[in-house]
Amino acid sequence: MKDFSFIYRLADRFHANKVLRFLFLKPYRKYKYHVSLYKKKAFHERAHTVLTLFYEALEDIDCLCWLDFGTLIGAVRENGFIAHDDDIDVGMFLKDRPKNLEKHLARHGFKRSRHIMVDDGQEALEETYTLQGVSIDIFYFHLSEYGNKMYCYEFVTDPDRLPREFMDEVGGFWTMKDTFPYQGFSNHSFLGLTVKIPSNYDEHLKAHYGNYMEPDSDWDSFFKAQNTALMKDKIGMLKWE
Numbered sequence: 001m002k003d004f005s006f007i008y009r010l011a012d013r014f015h016a017n018k019v020l021r022f023l024f025l026k027p028y029r030k031y032k033y034h035v036s037l038y039k040k041k042a043f044h045e046r047a048h049t050v051l052t053l054f055y056e057a058l059e060d061i062d063c064l065c066w067l068d069f070g071t072l073i074g075a076v077r078e079n080g081f082i083a084h085d086d087d088i089d090v091g092m093f094l095k096d097r098p099k100n101l102e103k104h105l106a107r108h109g110f111k112r113s114r115h116i117m118v119d120d121g122q123e124a125l126e127e128t129y130t131l132q133g134v135s136i137d138i139f140y141f142h143l144s145e146y147g148n149k150m151y152c153y154e155f156v157t158d159p160d161r162l163p164r165e166f167m168d169e170v171g172g173f174w175t176m177k178d179t180f181p182y183q184g185f186s187n188h189s190f191l192g193l194t195v196k197i198p199s200n201y202d203e204h205l206k207a208h209y210g211n212y213m214e215p216d217s218d219w220d221s222f223f224k225a226q227n228t229a230l231m232k233d234k235i236g237m238l239k240w241e
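241 is the number that the working numbering gives the last residue of the sequence shown; the numbers go up by one with no jumps.
Everything labelled a hint here was simulated from the structure, so no lab data went into it.
Worth double-checking, as some hints may not be accurate.
Dumping the calculated DSS-like pairs for lysine-lysine here, alpha-carbon to alpha-carbon at most 30 Å [said to hold, decoys possible]:
id, residue 1, residue 2
1, K177, K239
2, K234, K149
3, K224, K95
4, K26, K41
5, K224, K234
6, K99, K26
7, K41, K149
Pair by pair, the computed Cβ-Cβ distance ranges are [claimed, not checked]:
id, residue 1, residue 2, range
8, S189, D96, 18 to 28 Å
9, D160, I61, 10 to 20 Å
10, L191, D120, 28 to 38 Å
11, D62, L191, 16 to 26 Å
12, D218, H108, 29 to 39 Å
13, G109, D62, 33 to 43 Å
14, K224, L162, 16 to 26 Å
15, L193, G121, 39 to 49 Å
16, Y38, E241, 28 to 38 Å
17, L162, L37, 27 to 37 Å
18, L238, H108, 19 to 29 Å
19, P159, S36, 14 to 24 Å
20, P98, L193, 39 to 49 Å
21, R46, R107, 16 to 26 Å
We treat Cβ as the ideally placed atom computed from N, Cα and C, and that holds for glycine.
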């Protein structure tokens with residue numbers, strides 16, 4: 001299976017050198033375009049298989065995991081993956097994350113390809129695992145003090161800046177806190193799998209997307225999310241594996 005992470009490591013090395021950046025920019029953009037096409041094709045061919053293997057792996061460690069964000073939309077709106085998606089989104093509670101999760105998933109063939117964290121991952125953490133060219137993003141949630149809300153974090157760059165230059169200047173990503181109403185979880189049948197989803201999935205999705213029943217191929221959390229607070233003082237640190 002193809003591994004594209006090296007192209008991003010090359011970009012990290014070359015971007016500060018104007019000559020190398022100029023020489024590298026055109027093939028880099030072309031390569032990124034082909035990576036995007038490959039990822040989307042691989043995703044729609046293999047997402048169901050990879051999600052099945054992911055849930056089978058989690059059965060061994062009894063870890064609560066639920067579908068969220070775009071994958072949740074697909075599950076409740078289309079009973080499938082939405083057409084413009086290219087990864088799987090799931091949620092877990094950070095306090096329940098098994099310490100051996102990375103090693104356990106590795107034994108089932110999943111490789112952690114990157115992670116982003118704030119405060120050494122004690123407060124904010126997002127992990128990406130890959131298998132067969134398909135990425136699974138794990139968003140880690142917390143419960144609010146009164147237990148009626150839950151929240152997680154996303155990581156973004158300034159949309160008016162080049163991502164690499166922005167990250168060099170601030171030292172990483174800006175952090176966005178997404179807050180959702182919480183009422184526990186329910187079982188849901190999805191493509192032959194029994195998965196967990198928020199019991200109040202309609203309220204949950206409307207809090208973030210508004211009218212999620214209307215497809216939006218140009219969705220961007222930075223501009224459109226309705227339950228998000230931007231936290232520029234919390235810098236998410238990226239690490240490629």
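Right, here's what the structure says about each hint:
no., hint, result
1, K177 with K239, "holds, 20 Å"
2, K234 with K149, "holds, 21 Å"
3, K224 with K95, "holds, 29 Å"
4, K26 with K41, "holds, 23 Å"
5, K224 with K234, "holds, 21 Å"
6, K99 with K26, "violated, 42 Å"
7, K41 with K149, "violated, 36 Å"
8, S189 with D96: 18 to 28 Å, "holds, 24 Å"
9, D160 with I61: 10 to 20 Å, "violated, 42 Å"
10, L191 with D120: 28 to 38 Å, "holds, 37 Å"
11, D62 with L191: 16 to 26 Å, "holds, 23 Å"
12, D218 with H108: 29 to 39 Å, "holds, 35 Å"
13, G109 with D62: 33 to 43 Å, "violated, 20 Å"
14, K224 with L162: 16 to 26 Å, "holds, 22 Å"
15, L193 with G121: 39 to 49 Å, "violated, 29 Å"
16, Y38 with E241: 28 to 38 Å, "violated, 19 Å"
17, L162 with L37: 27 to 37 Å, "violated, 22 Å"
18, L238 with H108: 19 to 29 Å, "holds, 25 Å"
19, P159 with S36: 14 to 24 Å, "holds, 18 Å"
20, P98 with L193: 39 to 49 Å, "violated, 21 Å"
21, R46 with R107: 16 to 26 Å, "holds, 20 Å"
Hint compliance for this structure: hints 6, 7, 9, 13, 15, 16, 17 and 20 are broken, all remaining hints hold.
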